[in-house]
Amino acid sequence: MLQPLTRRQALKTTAAGFGYLALAGMLGAQQQRAATVREPGPLAPRAPHFPVKAKRIIFCFMEGAMSQMDTFEYKPYLQNHDGQVATGGAILTASKFRFARHGHTGTWVSNLLPNFARHADKFCFLRGLHTDTPAHPQAVIQLHTGTAIAQFTRPSMGAWLLYGLGTENQDLPGYITINPSPNFGGAINFGTAFMPAHFQGTRVSDTGVIPNLRPSTPMSLQRRQLELIQEMNRDLARSPGAPNAVEGVIQSYELAFRMQDRVPELLNLAREPQAVLDMYGVQDGPQGSFARQCLMARRLSEAGVRFVEITQSGWDHHNNLHNGLISQSSKIDRPMAALLTDLEQRGLLDETLVLFGSEFGRMPTAQGPDGRDHNITGYPMILVGAGVKAGYSYGATDEIGRHAIAGRMHMNDLHATLLSLMGLDHEQLTYRYAGRDFRLTDVAGRVVTEIMD
Amino acid sequence: MSKSLRVLLSLSLVPFLTGPVNAQSASSKEEAKLDFFERKIRPLLANHCYNCHSADTNSRAGLRVDDRNGLLTGGGRGPAIVPGHPEKSLLIQAVKRTHKKVQMPPKKPLSSREIADLTQWIKDGAAWPGPRVPKSLGRPNPEYEKLRKQHWAFQPLRIVPAPAVKDKAWSRDDIDRFLLAKLESKGLNPVGDADAATLIRRVTFDLTGLPPTPAEVASFVKDGNAPNAKRQAAFAKVVDRLLASPAFGERWGRHWLDLARYGESTGSARNLPYPHAWRYRDYVIDAFNRDKPYDQFIREQIAGDLLPLPSPGGRGAGAEGELQRLKDERLIATGFLALGVRDVNQRFKVRFVMDNIDEQIDAFTRSMLALTVSCARCHDHKFDPIPTTDYYALAGIFHSSDLCAGLRNKMGGGGLDYYDTSLLLRLSASSGPDAKTAKRIEQAKAALKQARFELLELAENLDKNPPGPAREKKLKVARAKVNKIQNEMIALNDPANHGQICYGVRDAKIIGDTEVRIRGEAEKIGPVVPRGFLSAFDIPGTPKIPAKQSGRLELAQWLTSPKNPLTARVMANRIWHHLFGRGLVGSVDNFGVTGDKPSHPELLDYLALSFMRGEPGAPGPGEWSVKKLVRRLVLTRAYQLGSETTEAHLKADPANYLVWRHNPARLSAEEIRDAMLAASGKLDRARPKGSPAMHLKVIELTNVSPLAKKLEEAANTSVHRSIYLPLLRTLTPRSLEVFDFAEQGLVVGSRDATTVATQALYLLNDPFVRQQSQALAQRVLAGKGQSDARRITLAYALTLSRPATAKEIERATSYIADYENAAREEKSVQSPRLAAWSSFCQALLASAEFRYIR
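From first to last, the protein sequence lines stand for chains A and B.
Heads up: the first sequence is residues 1 to 453, going by this note's numbering.
Heads up: the second sequence is residues 1 to 854, going by this note's numbering.
Simulated from the structure, these hints should not be mistaken for laboratory data.
Glycine included, C-beta positions come from ideal geometry on N, C-alpha and C.
Do not take every clue at face value.
Covered, in the sense of this in silico footprint (three residues per stretch, anywhere, with C-beta under 8 Å from a C-beta of chain A), are these stretches of chain B [as the list claims (entries may be wrong)]:
#	region
1	527-539
2	582-593
3	765-773
4	815-828
Okay, the calculated bits of chain B under chain A, using three or more residues with CB under 8 Å as the criterion [stated by the list, open to error]:
#	region
5	41-51
6	56-62
7	200-212
8	268-279
9	633-645
10	750-762
Just chain A, with the same shape it has in the complex:
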């Protein structure tokens, strides 16, 4: 009956997991307790199950379902049968954009993304993806949490990664989402559901704002205040029967103080040379949102944030497909290219995995005069960087790009594969809730080793 603290209890009651820094150095305190042996906190780095192929992920989320038919899925049959009736009665619609081959691999990319296409030789395509529902909200939630049953909230994939691996840089949140969807599940997409809150994603606006991060008083005054708070906390820690978590509180203030310093600096793009800002196309306003996000993502990832997600919404082209795609693509083309170039030049692409794509794809057939409807039975995503084959393509759709016919991958398979690249076994990574062991991949998921480097 008497069991030692469970792992979960330990996670909840011990400190927030950053190393026990010398308080004396920072706070000028003399009365430290003798060095105590502490339990590792819930965000302390943890050993992976497998050798790690990728240390960090940057997920570039194209919310609303980017038309793969007009960007990455070149289908000669479709191009030659424009306007003809397809099986099922709909009218085939060829892309109006010009496709060309790129790089040594001769990868087909349309002229919507000329800069991004320069990296085609690095692309590892997953071309046989499929998901469960053609409705954005459920599909977005499924992409982020593994389940399309939007009624029962589950932890997001970033939360699973933190739970499994902890945080690499103890001065920073391990999971950051920039400019996330304001709807389609909203905070569910970076939430923890039944896991403790410290695994959740930290939300950052596309101008780099995090709530409560700006010191409310001049730093010198706040430093004084912090010293007082910590003295009181240490008094409490010394008293008999003090709550175990006081030690954690003390450390949470240390970390908070460092974060105030460190995080705004990381999110401050003015620190970058003009050449870099130009390469990304950083500018103010909505047009520059994605460029700013890409650059923030690189800076955060470089500093050791394990999972960074950035979002460009507005791809839901049921109508106005032509002009809509031109406008949307212009927002992401240069920033995506710059992100990959930048990561490569800094030698980060060997340890960073970039995931690019949408919650599902669009139809090869027409919807109205200038639109495409949702397609969940076959669509691509792109991986670049750590752990995956460059210039590789896994899976395929049929001759018109409607259904995945080879290398089919469900969302569960995608998640299993991503976890595996990060060193985690999706079947072992479980969390007990309501008497059941939950997984990101529920009861399914196949690791697609074929794409691994």
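Given chain A, work out where chain B should sit, using these hints.
Just chain B, lined up with the frame of chain A:
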């Protein structure tokens, strides 16, 4: 489950399990029909219809034809097929193009051969291969039988006398004797009693969620450090005062709202407000304040609409007004079943319905029974003796009830599309629309018809509205017109505009048992299961479910039977958990096989029995008084223990399962915020009317909309207790979010208490904390002619409920002086003296001591 029910169930399964497909007679005919379907019909549907009407596509008009039930239920225009009656089937009219509006497929008509095949298929009954029913379904499971007999939680409550103890003087109550006996058996003694200041802070937070005032502390400390009997008498007075305070219901009502996964919006895929949810919140608070018997509380939430009312003039009946009030209250109580997470964007009605039922089953079984029954939705429960058939026996009860949350399902709706005013419950103060409004409704109806016609014309008549830039514009204008009139109509019809409404449930028009859904998939229909309850334990005298009622009333009676082995145990354990920091069963929401075993099984039964019967050993009419149990528990010696530890205790029982000390606890998010307001003197303890969400339209709310900002602002500037903050899902107020507020989509019997840097950042920088710190500084500075030492002591009393020590006064004095000097150097600081005192007060609020009770 009773024996007769089990027999009935197995009988009803027989024809299905042997199945029409395998049966000897008539099987060849059936096979031929299925063969016809597979050869002719399925390919036809796939080739001509799936593109727009299947699970993989948007299912235009809500219709899917890749599933028989999809065809039977149909889309927006009703059933697509009527088996046996092709002439009545919309599908046939559409493909023959005899229907005025629906002509399918839109481009290329079907051939006459294909139409003939479809007609034949429907005429022959629209055969469709059924799902494969798992062999185990409805079969007795020996493992289950064993668990029914052996698992502790399913066994009847046992009357156990308190054990003998060696130390006769220590205990004040039999509860103490149960605990002490176990400690003595392990060779441990309890630690010493808590000092008076610690104790009154602890009990005031535990019972009301608020700190004691300095005067209350001073008054108790006077007697509280006196010898045993006098202290206990003084403490009992404190406890009675707290139990009588309206703050009790605000604290304990919140515990229940955590279980009821209370929220003021749907959350999930599309976030739509529940503007009238606050009525349920207030109902819960009032129930705890009035000490509504817990069994009655449960009956009202499950079946408030069905409970018999006292007959007018009869015993217990008051004036007519009182009867109406009672009726309203019970209707509001059923909000428990309505206010969960709802995925209104679900395309398929049958999934929407079954998902909602699942949510209801999950909410009530986990909160009231601490069982995870919804695991049995897809397969027999892997650990607990809950077969799938039990799940669908319960599902039938909810399937026979309308979920009245004012919502319908629809994919990709906009504006008020999801708002369904027919799914609202009217309270007695409601009336229908008056004559003038009724006339306006008629006018709006006509206008809407016209506007819809115009829109259709523009959309479908390509000659009139050819493709091009002008087309979209015209369509947009026409759509806006339809929306505008539609909104007018809804506003005119909205019962919320003609009086008071609430959410909840009512018996549906169609009452009946429902079918097992194979692997939990809503469309995969298995055999019918009679409505009923769980078979994990037998409750003698369980009422039969009448054919013409949903069965919620009987479910409520089954739940609150004194013979139900779980209901009282689960609640007694929850109350223990909230007072002692850990339940006797640690897994408060899971009493199943994978849950924790009770640390003190005899004590748990003793508490459950006392809870039901009132005083122990005095069996009488049910009592189920939460206040009485709370009172008894806090008056025990065990509750009043100090929190200190010794090496020996830590070695023997590090997690304090045996209750040798009191567990220190982090305050909840609400307590932290309320305590700040109490310290600053800004707290308004009155209950605000309704909620900031009460005037919201039932339109999707995004996290960045001006409305969301307004709600955030309302939360940030509120000075009411935290339970009254707007609680829209995914828009949790920051003050609650940072300190592990309950996940609003889940049943939460035990909140996390994490320690993270975002909490430190919040306490250092959030405007709310800064404002309260300044107000507290102004409060302590207000007393004229007082020494700084007195002011510092007052600040300590207001925040930590204790006086400052000499050393602390010295430290604070020099801190304030130094800070003031330093602040003079900073141009941005307006008033250095106030800034220094505010900074000191903020440090108190930010200290670990402030947020822990010991």
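Hint check against the structure, violated hint numbers in rising order
The structure breaks hints 1 and 7; every other hint is satisfied.
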